Amino acid sequence: MPLGIDPKVDFAFKMVIGNPKHTNVTIHFLNATLQLREPIEWVEILNPIQNKDRSEDKLSILDVLARDRSGRHYNIEMQTTRPLDLAERLTYFNCVNYVRQIDAGSPYLDLQPAISICVLDSVMFPQVDPYHLSFRLRSDQLDLILTNDLQFHLLELPKFSPGSDTIGELPPLERWLYFLQHAEDLEANELSESLVEAEYREATEVLTMISRSPDDRRFYESRQKFLRDEQARLLQARKEGREEGREEGLVAGKIQILQQLLGVPECSLAELTQFGEDTLASMLLELQQKMRSRNV
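Read left to right, the sequence shown gives residues 798 to 1093 (my numbering).
In case anyone wonders, no lab produced these hints; they're calculated from the structure. Accuracy of the hints is not assured; some may be wrong.
Unchecked claim - Label-pair restraints from in silico Cβ distances:
no.	residue 1	residue 2	range
1	E984	L906	46 to 54 Å
2	Y905	M798	53 to 61 Å
3	M798	P880	28 to 36 Å
4	P959	N821	20 to 28 Å
5	A901	E1002	42 to 50 Å
6	N986	N821	17 to 25 Å
7	P927	I1054	41 to 49 Å
8	A901	T1076	44 to 52 Å
9	A901	L881	31 to 39 Å
Every value quoted in this text rests on a predicted model; they were computed, and no experiment measured them. By construction, the Cβ of each residue, glycine as well, lies at the ideal position given by its N, Cα and C atoms.
Take these sequences, add in the hints, and give me the full structure.
Listed below in structure tokens is the structure:
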């Protein structure tokens, strides 16, 4: 029987990647993503899920916060939707993890890198092909990095396809992406046959435990429903925004035509779209009245 637990649901993702009982999984995922010169050997999970915290209001954000032995801080999150403010959100929380490392009066040299990893089940940058995008503070003119202390890694799942390659022969990160994409629909033994390393087996065991625990299963299903409702809400908001934008575009076009006919200074489309709906309606009404007066 398939596992039936989607590791992309934030609760399941955190139970797999951010579980103090399974830090080997966290370490393996970080090393697979970051490819550091010196692999991470130890991490501490800074915000583990507590039984007393399992309520919708307390777990609206299920990021994984971790720290390694060198003091680097990690923020790992799974996004099944793409919030309109995702870039700002990632920047804000990574900066928070950076500045919280030292107290007032402590030397800035004590600061260690803050690294954000966002697994995104949609595409944020359709204009490029790579599924793994990394961002740092660098010069616009030259290939100079100001600092490596703030890093952002974006993993766009829809861009990843293993093709005809044998799953076990894929690089470690691609095996993790395969796990995230397909674990829900596969049986535990099928995953173990494809992903033979101990960390993938351990991750599979966590999903199995969620499926067998009534409390974990119930909370997983409530989070799944919440995320689906959130996705529907965002889709509706985008649809309404597009419809509103089309309507405003039609009004702006009418304003430009009337301005041309009346011989008055013409506003550019960019200028007109800065105005609100009420302002555009007033401008159109005023121009229409002038046009009628002119034709009398």
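Consistency of the hints with the structure:
Separated by about 51 Å at the C-beta atoms, E984 and L906 satisfy the suggested range of 46 to 54 Å. As the Cβ distance of Y905 to M798 is approximately 54 Å, the hint placing it in 53 to 61 Å holds. Between M798 and P880 the C-beta distance comes to about 34 Å, which sits within the given range of 28 to 36 Å. Our hint of 20 to 28 Å for P959 and N821 holds, since their Cβ atoms are close to 24 Å apart.
The given range of 42 to 50 Å is respected by A901 and E1002, whose C-beta atoms sit roughly 44 Å from each other. Checking the proposed 17 to 25 Å range against N986 and N821 shows it holds: the Cβ atoms sit about 21 Å from each other. Between P927 and I1054 the C-beta distance comes to about 44 Å, which sits within the given range of 41 to 49 Å. Hint check: A901 to T1076, Cβ distance near 46 Å, so the stated range 44 to 52 Å holds.
The supplied range of 31 to 39 Å is met by A901 and L881, whose beta-carbon atoms lie about 34 Å from each other.
Violation of the numbered hints given earlier is absent; every hint is satisfied by the structure.
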